[in-house]
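Which chain is which? The protein sequence lines are R, H and A, in order.
Note that numbering that gives the first Met the number 0 gives residue 444 to position 445 of the first sequence, counting from 1, and the numbers run on in steps of one.
Note that numbering that gives the first Met the number 0 gives residue 191 to position 192 of the second sequence, counting from 1, and the numbers run on in steps of one.
Note that numbering that gives the first Met the number 0 gives residue 83 to position 84 of the third sequence, counting from 1, and the numbers run on in steps of one.
Hints were generated in silico from the structure; no laboratory data involved.
Remember, it's a predicted structure, so these values are computed and weren't measured experimentally.
Ideal placement from N, C-alpha and C gives every residue a C-beta, glycine not left out.
The reader is advised that the hints may include incorrect statements.
List time: in silico DSS-like cross-link candidates among lysine-lysine, alpha-carbon distance up to 27 Å [unchecked claim]:
1. A:K48 - A:K298
2. R:K397 - A:K164
3. A:K184 - A:K163
4. A:K376 - A:K164
5. A:K297 - A:K376
6. A:K117 - R:K397
Between beta-carbon pairs, the in silico distance windows are [unchecked claim]:
7. R:G272 - A:T271: 23 to 29 Å
8. R:S471 - A:K298: 43 to 49 Å
9. A:A60 - R:G123: 31 to 37 Å
10. A:E369 - R:A453: 33 to 39 Å
11. A:T271 - R:L166: 42 to 48 Å
12. R:G162 - A:T271: 40 to 46 Å
13. H:D151 - R:A489: 41 to 47 Å
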Amino acid sequence: MTSASLLVQILTGLAGASTLFLTGAGLSLIFGVTRVVNFAHGSLFMVGAYLGWTAGEWLRALLPGSAAGFWLATLLATLGVAALGALLETLILRRIYRAPELFQLLATFAVALVLRDGCLWLWGAEDLLGPRVPGLTGALSVLGVPFPRYDAALIVIGPAVLGLMHLLLTRTHFGVLIRAATQDREMVSALGVIESRLFTSVFAIGAGLAGLAGALQLPREPANLGLDLPAISDAFVVVVIGGLGSLPGAFLAALLISLVKAGCVALGTVELGGYSFAFPRLTLVAEFIVMAIVLVVRPYGLMGRPEGALRGPAASPIRPEPETPRSRALWGLAIAALALLPWIASASPYTTVALVDVFCFALFAMSLFFIMGPGGMHSFGHAAYFGLGAYGAAIVLKATGWSMMWGLLIGPLAGFVGALIFGWFSVRLSGVYLAMLTLAFGQIVWSIIYQWDAVTGGSNGLTGLWPAGWLSTRYPGVTPNAAYYLLTLACVGSAVLVLRRVLDAPFGLAVRAGRDSPLRAESIGINVHRIQWMAFCVAGTAAGLAGVLYAFSKGSIAPDLVHVGRSIDGLVMVLLGGVESLAGPLIGAAAFTLLQDSAGRSFDYWRAATGAAMLVVVLAFPQGLAGLARSIRGRAKA
Amino acid sequence: MTRPATGLASGPVPLLSVRGLARAFGGVQAVRGVDFDIGAGELLALIGPNGAGKSTCFNMINGQLRPDRGSIQLARPEGPRELVGLAPRTVWRLGVGRTFQIAAVFGSMSVIENVQMALLSHARELLAFWRPARARHRSRALELLAAVGLADQAEHPVATLAYGQVKALELAVALAHGPRLLLMDEPTAGMAPAERGALMALTRQLVTERGVSVLFTEHSMDVVFAFADRVIVLARGELIAQGSVAEVREDVRVREAYFGSGRLHGAPVNTERAA
Amino acid sequence: MKPSRMAHGFVLSVVVGLTASLAHAQAPIRIGEINSYKAQAAFLDPYHKGMELALEEINTAGGIGGRRLEVITRDDGASPGDAVRAAEELLAREGVQILAGGFLSHIGLALGDFARQKKVFFLASEPLTDKLVWENGNRYTFRLRPSTYMQVSMIVPEAARLKKKRWALVYPNYEYGQSAAATFKSLLKQAQPEVEFVAEQATPLGKVEAGAVVQALADARPDAIFNVLFGTDLARLVREGTTRELFKDRPVVSLLTGEPEYLDPLRDEAPTGWIVTGYPWYAIDTPAHKAFVAAYQKKFNDYPRLGSIVGYSTIKAIAAGVRAAGSTDTERLITAFRGLAFDTPFGRAEFRRSDHQSTMGAFVGRTAVEGGRGVMKDFTYLDGARFQPADEAVRRMRPAEAQQ
């Protein structure tokens with residue numbers, strides 16, 4: 000590589016950083032002021048690209064060959080997405096600010112589902128490549144190496160927006176309010192600021208920045224339906240590496256990621272001591288590796304301050320209701336009814352098939368709830384343990400030919416070991432930083448599984464994982480998968496009961512103590528980190544068990560088991576059920592799984608249907624489904 | 000170590016000896032070489048204007064903050080024990096309890112569970128995974144709650160308590176493991192004047208019964224003068240005076256420190272009486 | 000019919016007036032079709048239409064042996080686990096006798112393994128992975144579309160003909176890209192032993208850092224480039240590569256780029272002179288294909304993509320198989336499909352006995368821009384039968400039980 004091409008690689012990295020920064024900046028602003036984890040931010044980015052395309056097509060017809068057309072279209076897209084953001088805030092989020100922490104994530108997740116299908120409906124499935132920008136079509140010559148003019152423009156735009164935002168935040172009254180709100184929300188409302196107006200405008204600005212980023216990306220890549228997920232994950236990574244609420248930090252983080260990626264690509268395949276290592280393959284997870292390293296070294300990101308973390312978890316006290324003879328009888332009755340189902344439902348065999356999925360996800364959600372609810376630690380990478388359990392068992396059993404029953408030990412063990420390692424680092428962080436570190440670990444596990452063909456089967460996964468012998472035998476008079484169904488019920492049922500007991504035991508009380516008040520806990524002799532670490536291990540073990548049961552019910556596994564999408568599903572299940580009750584994750588898992596299953600069969604746009612149903616739940620029952628059940632019971636008592 | 004003759008110790012064997020304690024924050028010297036002792040059974044008040052270094056001192060004794068220099072020695076049956084470098088939870092296990100300026104309790108638990116939590120921790124039963132926690136150490140927890148007047152509220156969620164009751168609960172939690180020294184950071188902050196006296200009277204009664212020493216910071220001079228056995232005064236990170244309530248009241252440097260700082264912070268401070 | 004059943008999925012079968020009464024007497028033949036409809040909509044929308052067209056033709060002509068053909072589709076949400084659940088549901092609730100579908104390779108493999116376990120006939124329509132019919136092959140699984148190996152081996156002779164020594168490779172970082180690159184390297188090395196591979200870029204699927212990748216490829220100063228990127232990655236590569244003059248005086252050999260799904264979004268910026276595999280629907284003048292295009296355009300007022308061909312041929316192949324088997328019994332279907340000849344708009348093809356792979360081929364040609372859009376010129380149809388390993392080699396790769 001010549002020095003000229005090295006320079007061009009660096010410039011390329013800078014151009015990439017601009018887009019990353021713009022997306023991240025909007026998210027950072029929204030989170031800073033409203034504390035909403037805006038999962039729809041990537042969708043707003045995508046809508047920005049589509050709107051930019053449409054406006055560009057109109058204006059190109061009106062002003063052929065003029066650069067003004069592109070920039071006007073970009074402006075229109077920015078304004079359009081800003082308006083959409085304001086609409087989302089006033090119609091949906093405003094109603095649920097008082098809901099438990101992270102509940103807004105559920106709402107924005109639902110919005111993301113609706114927007115994805117909305118774009119498909121409006122713009123169709125085909126990728127829409129925008130035209131090049133008149134005047135910026137060709138390349139500059141940088142020491143003889145061609146470098147796209149448009150990239151050069153992007154290098155200017157990023158810092159320019161950073162500068163404008165800085166001016167807005169430091170030189171205007173509005174900016175002062177935003178900064179104050181970022182640091183202390185109560186203070187702002189105490190100052191008599193109309194909170195709702197502030198929130199709406201912040202949401203609009205943040206969304207507008209995402210739309211701007213999307214529209215600016217058009218000359219580099221087509222508007223397409225796959226833009227949302229990468230954009231949201233990039234945005235989170237940038238914001239967290241930079242430090243929440245710090246725009247210069249976000250800019251620095253964007254720069255760091257872009258340069259690391261460009262560096263990996265430029266290095267190519269390197270021979271080192273007989274081994275050859277393909278650095279370009281690292282770009283699959285480069286940002287997550289950078290994030291994990293940054294967070295382990297600097298728990299509040301590059302330029303963040305501890306105050307920027309999520310508000311104390313005291314907002315959602317979880318008081319597990321103690322077991323009573325009545326509750327024990329109810330649990331017993333429910334399990335007995337489920338155990339009889341293969342006989343009862345022998346005429347509709349799909350029932351027990353669907354319920355095996357429900358059980359596996361119920362345990363997965365329960366294990367996530369264990370650290371999220373009582374533990375107050377929001378894991379965004381919980382699928383790692385689910386996947387480690389599934390893969391751990393599958394790999395060992397395939398290599399040894401042991402029976403599937405051994406998998407019931409190996410899977411939980413693999414989940415445990417994963418949690419032992421990742422938990423140790425994660426419990427040293429808190430709030431969103433902890434969440435993002437777990438996400439980074441999850442994605443690193445995913446990328447290893449995705450690329451390690453020889454062991455994990457790579458992107459294709461592993462097949463032929465069917466349980467043998469009595470577990471796959473069909474018995475007369477029951478549903479075809481009755482044996483496996485009963486095994487799953489037994490495993491999941493006892494695991495859930497064990498988790499319940501653990502929460503009631505001194506250990507569970509100590510976990511809650513660490514969440515309620517780490518200060519008090521430490522000053523009555525509780526080693527909070529150690530307790531949280533062990534809670535991670537308990538959760539990882541349970542998730543590992545869920546993973547094995549799932550893998551052997553499907554006969555095959557693929558890396559999507561470990562992907563962030565699965566982790567998000569877990570979060571959605573927990574939040575949908577409600578974090579305030581032990582039954583929450585179970586109800587949430589059942590509702591989400593069955594909702595997706597039936598929406599998938601009944602609607603063409605099943606994602607939008609799922610999203611819409613979730614929005615109804617979120618707006619009508621901000622305590623989650625279990626909260627709804629409780630309030631009905633409460634009313635019945637009164 | 001030879002002890003300076005200047006009335007540092009009030010009793011024959013001090014429970015806690017602090018020597019040369021210092022700590023800076025980014026170039027600002029918050030505490031600069033402070034020496035004092037706490038005698039057994041003594042109620043020692045630590046006072047001083049805002050930014051005098053009181054909280055820093057507290058957090059260093061408690062183990063939350065590591066001093067740059069100095070030693071903190073706790074008398075133990077087996078001999079003195081250095082506390083510097085120990086984590087808060089270890090300091091607690093050596094018999095030092097603590098309450099906070101803003102009461103820190105476990106908000107999701109019932110009143111009795113808060114106390115049980117401390118008792119479980121003291122009994123080293125935190126890693127019990129099976130038998131329910133609620134049956135353990137119940138009677139001992141109830142005794143402690145009765146002592147602070149919360150027996151009737153034992154099963155109530157903490158969230159339903161009045162602030163004064165939360166403070167009382169915190170006291171019960173802090174006393175649960177039978178500490179020999181109790182650190183109380185502004186025990187009466189945020190309370191109505193009438194409640195203040197009641198809480199301090201309760202504290203005094205409990206610690207006297209149990210032979211516990213108390214180090215407390217306090218803004219309300221009424222409280223200090225009514226309940227402290229002895230007072231030490233910090234200003235700009237230095238110990239400027241110590242002695243009985245009467246001695247400190249008359250101390251010129253104390254008056255200067257309060258007036259000189261220009262703000263006798265906290266409304267409850269009655270400057271005229273201090274003067 | 001229960002109301003909940005009314006809502007289930009999309010029974011594609013078009014009951015066309017009079018003919019309904021012909022098939023009315025007997026129970027329909029039900030095919031359960033599982034695909035990533037929403038996740039891969041650009042390919043699968045036309046695919047769905049292709050199936051609809053084939054179904055209409057078959058049922059209008061009286062079905063198969065008097066039985067109507069029905070297809071019940073399910074969206075797997077791009078998750079193999081959900082695909083398997085959908086398959087269970089189709090078998091248990093909808094009573095389908097045949098499974099079909101799959102776009103993503105890992106889902107194809109999961110469904111194939113499910114078919115083996117449940118002893119159900121499965122026609123994988125699109126997944127490209129070679130493993131589906133080789134290492135992971137089984138008795139119950141057949142595949143329609145030309146595999147990765149076939150596509151690469153169709154294009155390698157063209158690459159060798161370029162007589163370029165230094166090659167750079169760029170491919171998506173997952174099994175399809177990796178095995179395409181590996182096959183390309185080994186086949187080209189055989190054809191042209193002096194060849195050198197000077198750079199390799201494995202890029203994350205859908206997230207290629209195009210600027211950096213193009214720069215790195217240019218730095219390696221290759222004589223020619225082999226590309227496996229498709230979809231949005233392809234668009235990014237083309238834009239950056241053109242601006243940064245990567246393709247100037249450098250021939251490019253590229254998989255799938257000539258498929259309308261990937262070429263059309265590039266509009267007038269489609270690359271020119273690339274050697275590609277694809278589907279030039281506008282210029283194929285065989286009677287079978289012309290009839291297909293006419294019928295398709297008439298029904299949907301849209302032109303066909305490659306997905307349309309695959310969807311159409313999937314149904315046609317199944318119909319031919321059921322006709323030959325005279326039943327939907329799995330064992331009889333397997334026997335019938337082995338060596339089964341069937342018609343596609345590309346011409347006649349058959350399922351090989353050795354590995355259950357169809358011999359449906361693909362078009363290889365050069366890209367050009369005409370009338371503001373990318374097209375394939377100078378193309379030829381390459382019959383898939385000529386681009387597969389010999390039966391002996393296949394036998395060594397396939398598990399023994401798959402060959403019974």
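Here is how each hint holds up against the structure:
no. : hint                        : result
1   : A:K48 - A:K298              : 9 Å, holds
2   : R:K397 - A:K164             : 42 Å, violated
3   : A:K184 - A:K163             : 13 Å, holds
4   : A:K376 - A:K164             : 25 Å, holds
5   : A:K297 - A:K376             : 26 Å, holds
6   : A:K117 - R:K397             : 20 Å, holds
7   : R:G272 - A:T271: 23 to 29 Å : 44 Å, violated
8   : R:S471 - A:K298: 43 to 49 Å : 44 Å, holds
9   : A:A60 - R:G123: 31 to 37 Å  : 32 Å, holds
10  : A:E369 - R:A453: 33 to 39 Å : 46 Å, violated
11  : A:T271 - R:L166: 42 to 48 Å : 47 Å, holds
12  : R:G162 - A:T271: 40 to 46 Å : 42 Å, holds
13  : H:D151 - R:A489: 41 to 47 Å : 45 Å, holds
Going through the hint list in order, the structure does not satisfy hints 2, 7, 10.
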